[in-house]
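Sequence lines, in order, name chains A and B.
All residue numbers for the first sequence refer to this note's numbering, where the first residue is 1 and numbers rise by one.
All residue numbers for the second sequence refer to this note's numbering, where the first residue is 1 and numbers rise by one.
Only true hints are included.
30 angstroms max Cα-Cα, derived DSS-like pairs, lysine-lysine:
1) A:K41 / B:K47
2) B:K47 / A:K129
3) A:K356 / A:K297
4) A:K74 / B:K47
Hints listed in this document are in silico derivations from the structure and should not be mistaken for laboratory results.
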Amino acid sequence: MNKPLRRVAIFCGLLVLALLLRDNWLQFVRADELSTHSSNKRVQIERYANPRGNIIVDGKPITGSADSQDPFYKYKRTYTDGPMWAPVTGYASQAYDANQIEKIEDGILTGNDDRLFFDRTLAMFTGEKKKGGDVVTTLSGAAQKAAYKGLGNNTGAVVAIEPATGKILALASTPSYDPTSFAGYSGKDEKAWIALEKDKNKPKQNRAIREIYPPGSVFKVVTAAAALESGKVTDINAATETPEGWKIPLSTKPMKNHSGGCANASLNEALRISCNSVFAKLGDDVGRDKMVEMAEKFGFNAEQFTPVRSSASVYDKKADRGGNALSSIGQFNTATTPLQMAMVTAAIANDGKLMKPYMVDKLVAPNLDVIKQNDPEEMSQPVSPENAQKLQQMMENVVSKGTGAKADLNMDGVKVGGKTGTAQHGEKNAKRPYAWFISYAKTAQGSPVAVAVIVEDAEGTNREDISGGGLAAPIAKAVMKAVIKNRG
Amino acid sequence: MSVVTNTTTIGAIEAPSRRNTELALLAFAVAIPVFAYLNVGLAIDGKIPAGMAGYGLGLALLAGVAHLVVRKWAPYADPLLLPLATLLNGMGLVLIWRLDQSPRLIATSMRLYDSFSPDAPKQMMYSAIGIAMFVGMLLLLKDHRVLQRYTYISMVAALVLLLLPLVPGLGSAVYGAKIWINVAGFSIQPGEFAKIVLAIFFSGYLMVKRDALALASRRFMGLYLPRGRDLGPILTIWAVSLLILIFENDLGTSLLFFGMFVIMLYVATERTSWIVMGLGMSVAGAVGVASFASHVQARVDAWADPFGCADKIDACDQMTEVLMSFGSGGILGTGLGQGNSDLIGFAANSDFIFATVGEELGLAGVMVFLLIYGLIVERGVRTALAARDPFGKLLAMGLSGAFALQIFVVAGGVMGLIPLTGMTMPFLAYGGSSVIANWALIGILIRISDTARRPAPAPAPSPDAEMTQVVRP
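The following block holds chain B by itself, in its conformation from the complex (with noise of 0.2 angstroms):
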């Protein structure tokens, strides 16, 4: 497919744009899920489930009509992102519909609502339109470096997104984090979608002062102190994430918005001091928040010791159920559809969805997600290396820094590696704000990946080259 784009001795010979791979790899994607559902279905019912050609077919077609978007929008575009999505997206309906399937929680749901509605036809719809959201991205988004131009609008857009919780009448706090709003009739998740608008900004903002930020500094005791007044964004920030962490009680948001300035401060400026002061920052807003708030300090407890305090606190509980599911997954897993993981009850398929792959996939099937995660984000960073522009490197290094935080905070904190968040595996967990929100992530790399893979445009034709060449009679 390699394209001799000109006739000059300086021939553009570029990277072939690896469609076709993108294509059999998202026949791989589509297939993997569809036999998953086949193997719930034969496990719980033993017969073949009634909606595997529906739901098949379903996520066929999306997947089908994000490649051809990506085909004729974005022709070079990285092969693998797409695919990995799909994959995620396709297995987390999998596991949402499987935990549809449990008495357990239906019989909860009775006694508490007096209703039951499955998930999965939900999170099916919310695909659609996390799809839809990727197209639009892709349609609309000529070129990534279009989005500098909204540098200051993003900023106040995302400020906005992250505070709409703490609006009265509009927020609404379940089990005690303060992190959704109701608009007509759904609950909408604002961080989730803060996390791209927060990438643009800093993209934006660091661009154009990284220079100001790196060299305009006093060297003290080996670390770059920055100037006092340049010292303000970040002080901003780290107050913005501790508002949040006080008023939200939202542990991961806080800790993933830091997290993401500070990795795209270093970047853009070069400087350790940045990520030196950044941990300070953090290490200093944890301890202070967690010495006087008290659901800060149940996580903790929770997570320093799940069986000791199962009784008292509620996390506890919550986070025992969540190890023993591990537990009993052991190595291979108990199969799909086989494993007990609905005991956790309150937000299995959401927060906790990560603990039904271990137990039912076993080592083995978490250690595979955790790789497909870590590949999303390897490709995004390779983007972030191959583009051409320092605000698309900037954005797309932000855009997949936040993404292995997160995903970082979500698993390590339902495997107990650290204290627990709420928040979502990207693609896998049950919600809307969070599929949609992710499929946009992948657009924007997927836009920024094309045009750092495009082949360089051609030098405009010389003629005096071209008369040293061709002979003319």
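So that you can see chain A by itself, here it is in the shape it has in the complex (with noise of 0.2 angstroms):
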């Protein structure tokens, strides 16, 4: 019987050397896709299993972890202003993941991060409690409370951006949510993100980043930039060859104005009083590709990264000559989020350079290393510092003598430039405005802050009462009164 029982003890053998070659499938091969496998839970627990590091601003955390007494996740995410900060924290939920700073960083915040490999190694020989590291913002809290409380009821956002460095220094989005509600994973979370979710106001869209809106008249001063930039107009006081009511190219329309005195008005002249015509004009003489080429220096038709991916604004490098033309007014395909138009007001208001827009300024050990620090960093030169000039000057007409007076801060020694927009939309124009203003201040020293505002749909005001002069200026002004008071 031993031939057939040596040959048994082979298959045994066998059963065992296939349970090792599965084992070594499993454990080796798929490791990774399993242990990141969407429905694995690990990754979950593994995020709440010890206090989250924070997210700082002026140097106090705008997040906390609590102690949820929970089986599954031991912390729970709380936020201090939730509302206030959701658009540049984004959300922590035990059930339903993460996103923005909060997702981006994630690695960082949980302690997890190779970076923060010897920290772990540490804690692990001094019998500490892992610990996560923090985020360091660039925001400014009194500018980002200034925003939030400007944009009140109203749907609409909010950036400020330091020209000099790209900073970020609010981002506010209307209306909000607060993260808190759904951290956790119980029915009142589920509840709570379900009607969020169905909310048709949208709440926990990032309007200031990840919307993006028909700029209106705001972009008339992309178009002043590119009509310098080109030499098509080198004196911002000399009359421009303009009739009242253009033909739009390509189109039996005239193109009409709001007010009058735009016939021949100076480049300086229509940028005050908005006049459709002559930019209109301009965006013609100047060119679709030339136009094409000032947007996107000024970071038209690509996403940006905050590191918070935001929207592609758009300026069509395929519109025909008549669609150049109502481009060149902010109108037809153009779109843009409020943190682009950050961006061009920035650019302008820093002499013509544009500075990477950025909100993380340095992440942080739990031991206080520093593991990045995020420096200024140059994204391009839109317009040369002379035009930039020009342009400055232009839009300081608009606020001291023109329709953005609302933006005045009246103080010794500050500048302000800037510019509203009504931008109309929908089908015909049925839709009520988007009221739009873009501004900056700027002292002897350069200028601290540039910002874009928008209000989407301001309830309880008459049609003919939206404007941008009227309804966004106030909260520009608001916010960068707050910028240079927090300067001291």
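Got two chains here, each in a separate frame; can you build the complex from them with the hints?
Set out below in structure tokens:
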């Protein structure tokens, strides 16, 4: 009986071998796939197993971690002034994953990042509990508060940038949501989440960077920049040869103006009273390709990473002549995020140099070592310093003598430049128009702040009263004031 | 330790008994789980677990008693079987204790039953009963050949054990599988004991019938086909296996018994044609049952694409949790007490305990456990090879073959190699029947190995031989 016995012994050996091979397949070859599988709760468990690091504004955390007394997820995320900061922090929810900074810097916040390896190893030996690192933002609490309060019950967004560095100072979006309301995974959290998902006002939408709007007249500063850079205009106070009722190319319709005095108006005057005809003609004179080039230098047609991704603003690259003329005054296919308009303003205020916008200043390890420091980075030079100064002169004119008067800070040594916009949209412009305002403040030391404000729909305001100058400019003013005051 | 047992020229110089080797290995088999216990305590609470001394002493005591009994009543037994089983039993206790600490499992239990009782103390008690069974086996069974006498009683006993769960009022269906019976508040899995009793029956039966089964056959297309009346037993066993599969929803047990029978039949008759027939019948049975039994289909679906059907079928959901447990463990594992294998929830410490090994000890740990199991099987097969009587050979082979099949079916099931069946990992998994029956199995193997390795009895002294050697004055 020994021969079959030996064969059966080999068979048993093969059974064990098959198990060994299968195990190698499972735990070596497929290990990564399985351990990061979307239905693997361990990822979430690990994320909340220790207190998360915090997101810091002005040296103070705007997030927190509370012991949730729960067998699955030990800690729960909490937010201070959640709705105000939601466009900055994003959310971290036990049931609904995370987004924005909470997601992008998850490794640092949980302490799992490879760059924290040394810290972790050290903590292992000293017996300390694993802790997450902090994300220090560039934001200013005062500016954010001014922006959020200014928007109030309106739907809209505000972005403020420090022109010299590209640091984002404020990033507000309304209506907003409180990330704390669905940080856990209980029925209450689920209800809050579903309510937000169903809300037709889309509170979870980050309007400051993820929504693109028709810019309307605020886009005229880009056209003005293109006109100056291309040499079509050298003297901003010289009359342009523009007839009142300039005929749009390839169309029988004349371009109409809202205000009088646009016939042959100078560039300076045209910007002050916001002449459509002058800018449409300038855009046409400059030509589509040059217009596209200028817009793209300011950041159009590309996503920006702050590090949170923004939607790409649009300047139509394939428009015909008529489309290009309309695009030049911010209509047709032109669409922009509030962040993009803030970048345009910042570049002009910074004498033509566009700095890459960013909102994470540095990443800090639990032991306060700086893991990564983000330094200001030049993105492009859309306009020359001389032309930038001409643009500044024109924009300051808008505030001191034109439609942007409500943004004037009336402070000694502070000059304010701006541009209003009332963007009509919808079929036959039937929807309530968007009120835009972009502006910057400037002192002898340079410009501390550039702001873009959009108010989508101001409830309770008569349609005729919706205007950038009336609705959006005061918000921009409040933000600029907060930044300058905060500087001391 | 070699002993020259007589003075004839044919010296029976035997292999050493290796009892001291066994004792040294046992020291490791106790020390390793004690360190593992310490490891879990430090990982979960950050301090030395309170029960460590008691636990270590308990395990050492059980191992010590087992060793002394082997030393006294089975001195020539295989030295590896006892330490390997002790190590597995000890590690099983650690893993069960580790899952007892899971706040998630405690919370689930509180929600469902309003109470939670840890399983590790119960398993400790079952282990003690198991060792008692092992000791009893060695004390009562002086010679394994005695078991031959009970061939047909064994058959009846095995059938009764297998069919007990179907008796109304006695059997209880837990999550679909009717493999438990309730006796005096304890739930027992008779199938675990049936495994041993059935092996005894097969050995006795095949030893008698092997010649008839091997020789009285017609040759057809290269296969030896047995006579119709000799086909009876295999058809009966096949039918019983199918009955278990259909009425008790127990794919694993069914496969195990039929596989064990085919292996023993092959060893007894040395005819490959039995294997071919056995395989054919398994396939026919499996396909036949799978085509109309929904629970088998669900298992097959869960095996084919666990992630695809996880939302619909519970078995799939559980399978994905097990797979992710293994995957998250990676090569070295998370470390004892630091994994999340308790996410599997129900049966995490019994049918799915191997997933905890996978997650917390990683690929390395799983391979170690598989090799330990492989080593036990190998020692069993060696015992079969060394056994001098055909009954002992068949019994040792049957028991180790069943053990190997059980390992394959359980580990292959949880690792997704074959469809999942509800069976326990010997010694590791929580469950009284399993631990007790497997200790009995090891007891019988040790008894056979003792007989096999025992020095041959000295030939009767021959006066003639003496005369030629001793010159008397």
